[in-house]
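Next come the chains, spelled out residue by residue.
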Amino acid sequence: MFTKKNLISALLAISALNLSLASNAAFALSAEEQKGLDISMEAKKRDLGWQDSTADMVMLLRNQQGQESIREIKMKSLEVLDDGDKSLTIFNKPRDVKGTAFLSFSHPVDADEQWLFLPALKRVKRISSRNKSGPFMGSEFAFEDLSSFEVEKYSYKYLGVEELNGLTNFKVEQYPVDENSGYTRRIVWLDTLEYRIHKIDFYDRKDSLLKTLTFSGYKQYLAKHWRADIQEMINHQNGKSTELKWSNYNFKTGLNDSDFNRNSLKRAR
Amino acid sequence: MSLSFKKSLNKSSSKKLTGSLIGMAVGASLLLSNPLFASEGASDVEFEASSNLAIEQRYFFKEALYPEQLSHSQTSLSIETELYWQWNGGNDSIIFTPFYRVDSQDSQRTHGDIRELAYVHASDDWELRVGFRKEFWGVTEFQHLVDVINQTDGVEDFDGEDKLGQQMVNLSVVNDWGIVDVFLLPGFRERTYAGAEGRLRGPLVVDEENVSYESSAGQQHLDVALRWAHSVGDFDLGAYWFHGTNREAYLTPATQNTLQQYYAQMDQLGVDVQATLGDWLWKFEGIHRSTSLEDFWATQAGFEYSFIGVFESNIDLGLLMEHSWDSRGEVALGAQGSLMQNDLFLGARLAFNDMQSSELLMGIGSDLDHNAFSFLIEANRRFGDNVIVSVDVRLLQSNDENDLLYTLSNDDHAQLSLALYF
Chain H
1 MFTKKNLISA LLAISALNLS LASNAAFALS AEEQKGLDIS MEAKKRDLGW
51 QDSTADMVML LRNQQGQESI REIKMKSLEV LDDGDKSLTI FNKPRDVKGT
101 AFLSFSHPVD ADEQWLFLPA LKRVKRISSR NKSGPFMGSE FAFEDLSSFE
151 VEKYSYKYLG VEELNGLTNF KVEQYPVDEN SGYTRRIVWL DTLEYRIHKI
201 DFYDRKDSLL KTLTFSGYKQ YLAKHWRADI QEMINHQNGK STELKWSNYN
251 FKTGLNDSDF NRNSLKRAR
Chain P
1 MSLSFKKSLN KSSSKKLTGS LIGMAVGASL LLSNPLFASE GASDVEFEAS
51 SNLAIEQRYF FKEALYPEQL SHSQTSLSIE TELYWQWNGG NDSIIFTPFY
101 RVDSQDSQRT HGDIRELAYV HASDDWELRV GFRKEFWGVT EFQHLVDVIN
151 QTDGVEDFDG EDKLGQQMVN LSVVNDWGIV DVFLLPGFRE RTYAGAEGRL
201 RGPLVVDEEN VSYESSAGQQ HLDVALRWAH SVGDFDLGAY WFHGTNREAY
251 LTPATQNTLQ QYYAQMDQLG VDVQATLGDW LWKFEGIHRS TSLEDFWATQ
301 AGFEYSFIGV FESNIDLGLL MEHSWDSRGE VALGAQGSLM QNDLFLGARL
351 AFNDMQSSEL LMGIGSDLDH NAFSFLIEAN RRFGDNVIVS VDVRLLQSND
401 ENDLLYTLSN DDHAQLSLAL YF
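Top line first, the protein sequences correspond to chains H and P.
Heads up: the first sequence at position 133 corresponds to 133 in this note's numbering, and the numbers run straight through without jumps.
Heads up: the second sequence at position 418 corresponds to 418 in this note's numbering, and the numbers run straight through without jumps.
Incorrect hints may appear among the rest.
What the hints assert, rightly or not - Pair by pair, the computed Cβ-Cβ distance ranges are:
1) H:V151 <-> P:V182: 42 to 50 Å
2) P:H288 <-> H:K45: 51 to 59 Å
3) P:L317 <-> H:K206: 16 to 24 Å
4) P:E312 <-> H:G166: 36 to 44 Å
5) H:Q64 <-> P:E312: 13 to 21 Å
6) H:D83 <-> P:V180: 23 to 31 Å
7) P:L53 <-> H:D83: 42 to 50 Å
8) H:E162 <-> P:V393: 52 to 60 Å
9) P:L317 <-> H:T212: 43 to 51 Å
10) H:P108 <-> P:V391: 38 to 46 Å
11) H:T212 <-> P:V391: 34 to 42 Å
12) P:Q220 <-> H:N180: 53 to 61 Å
13) P:L350 <-> H:I234: 23 to 31 Å
14) P:N210 <-> H:G254: 51 to 59 Å
Note that these hints are calculated values from the structure, not bench results.
A virtual CB, placed ideally from N, CA and C, is assigned to each residue, including glycine.
Only chain H is shown next, with the shape it has when bound in the complex:
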């Protein structure tokens, strides 16, 4: 076993490593890179000011044999303007995980802070946020597919325009900055009218097409914020799919910081 002194020096070494990784050098961008960045910044900007939101989500997991399994989840989110957003995820189904809740403080560059509440033991456990590429609740969504979009998480390249769902779409390639991402790149289709995402192609670490996510049933809330009712993720490599249905979207419900701490995590419903 280690002694306390060893532990401390190990901790110092690891935090020094984190610091060196965090310092980014600035590069001159090509025209395509600049346009890709501009489109992504515009998409983020158009959705600013939602303050907080609550919504219910049902996930329908399907395997190749057509077997289905359901996940029922409630989400509360808080917009944080000078940092990443905060969110509280509450699990209702499967019934064996009912009452489990997940608190996340996301950060654009630094590691996210995440806590899990385990109802059987009434235990709050701080967990590692390194797991970006792993499946969320056995679904075809990875943790990183569900985390809030922050401009700093990718570098960009504009690929042109393309017709999709009867709308003209920008096609932008995104390269994850985080080395723990499960993807080499994503190709995102956003309509030129409202900057809503209609489709994302995900390429795995070997750069072959892994998954396609499509968005449908867009609704506008508070005359500003567009949200899709349905997201369908298809995994091309294993033939499985996950359909994600959103309902009961509410914005500006009055949530604040005190709804996103250890105490609120423990009594989340």
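Please build the complex by placing chain P on the supplied structure of chain H, with the hints as guidance.
What follows is chain P alone, placed relative to chain H:
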């Protein structure tokens, strides 16, 4: 996951208290279901009920070591229901969680408890919680050293993770510099121990009737606790002071076959720290306990490291290592002291991340001062939407007659359980 292998070797139960608790809880639930009561602000009262019914089959590989013990097979059935009401947009709530187990062999294991019967009021920066509740403290996996509020429901399982509901008034205040919790704990719960027929106990049976207390107030002593907890960047920190009845009884022989329980008063200081650094979780728990009989320090420290997506699959592998230390050192069997004075624990956890949430845990515990090992495998998987099937195998080995594990050396067993959630 807990592999607290050598805890709660001698078990009994306090049925009288449990009986009166159930009476209270049934009364309260009748009151709550009364339409007159519910009509006050009924418009926004939300109600939820959920239950878990489990059947468990244990098989002990060897014949019993002590005459009265069950021979090989032990079957049991348990049910836990959670009833939950909230109003005021969730700022006020009542929770009621009764639990009952019926055991085919061990009459002490047939028992019930009010896991929770509590009212919680939440304001922006404070919460008041009143009633029977569970409160968990700590960061480590193989031993829960700093976790002190709730009494262990020792007959439930080998790992000591099951707890009895504790009556409390708890004020929790959120500050920029951390969360402060004040606990007033009126009333003490005696630990539950295996009866004469039960396995996983030492040669002497703990007598549930032969209980004495250092405090003249006995079970009515008002215990108090004060805790601070905070997250600073990668560090999660906690510290507390507890003053009241020691949850661990001093067990001494009363007759040739039985042990008596003596609950002393204690003051305990505790610290828990977790550093979450990338794939590493570094964990430390430490306590200093002072009773009229002894003063000692104990620590539990170690790490957990995660490999995400091993073998180019969706499987995550977690590796754990923890060490237990206790200033009282090695003690003779029957003397007071720690069972984990210099023990090393290794664990591995495989999470398959599939639709069925399949998981496999393995753990080895070893006493470094003498030749004693314990080994554990747990596997579980969901079948359909509502059934979890678990298989556990626990092997205990010691060549040293002085070791507590030696008294359990015939208690290697496998356990199959089916839990239905509805």
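Q: Starting from the hint 36 to 44 Å, judge whether the C-beta atoms of P:E312 and H:G166 obey it.
A: With a Cβ separation near 39 Å, P:E312 and H:G166 satisfy 36 to 44 Å, so the hint holds.
Q. Is it true that P:L317 and H:T212 lie within 43 to 51 Å of each other by Cβ?
A. violated, 29 Å
Q) So does P:Q220 sit 53 to 61 Å from H:N180, Cβ to Cβ? A) holds, 54 Å
Q. Lying within 51 to 59 Å: is that true of the beta-carbon distance P:H288 to H:K45?
A. holds, 55 Å
Q: Confirm or reject the claim that H:E162 and P:V393 have a C-beta distance inside 52 to 60 Å.
A: Cβ of H:E162 to Cβ of P:V393: about 57 Å, so the range 52 to 60 Å holds.
Q | Verdict for H:D83, P:V180 (Cβ pair) under range 23 to 31 Å | A | With Cβ atoms ~25 Å apart, the hint holds.
Q: With respect to the beta-carbon atoms only, verify the hint that P:L53 and H:D83 lie 42 to 50 Å apart.
A: Taking Cβ atoms as reference, P:L53 and H:D83 lie about 45 Å apart, which means the hint holds.
Q.
Holds or violated: the 51 to 59 Å window for the beta-carbon distance between P:N210 and H:G254?
A. holds, 57 Å
Q | P:L317 versus H:K206 beta-carbon gap, inside 16 to 24 Å or not | A | At roughly 21 Å between Cβ atoms, H:K206 and P:L317 fall inside 16 to 24 Å, so the hint holds.
(Q) The hint says 42 to 50 Å between H:V151 and P:V182; measuring C-beta to C-beta, is that right? (A) Holds, at about 44 Å.
Q: Determine whether the Cβ-Cβ distance between H:P108 and P:V391 falls within the hinted range of 38 to 46 Å.
A: Once the Cβ atoms are compared, 44 Å apart, the range 38 to 46 Å for P:V391 and H:P108 holds.
Q) Is it true that the C-beta distance of H:Q64 to P:E312 lies inside 13 to 21 Å, as the hint says? A) Since H:Q64 and P:E312 have Cβ atoms about 19 Å apart, the given range 13 to 21 Å holds.
Violated hint for the displayed structure: number 9, the only one.
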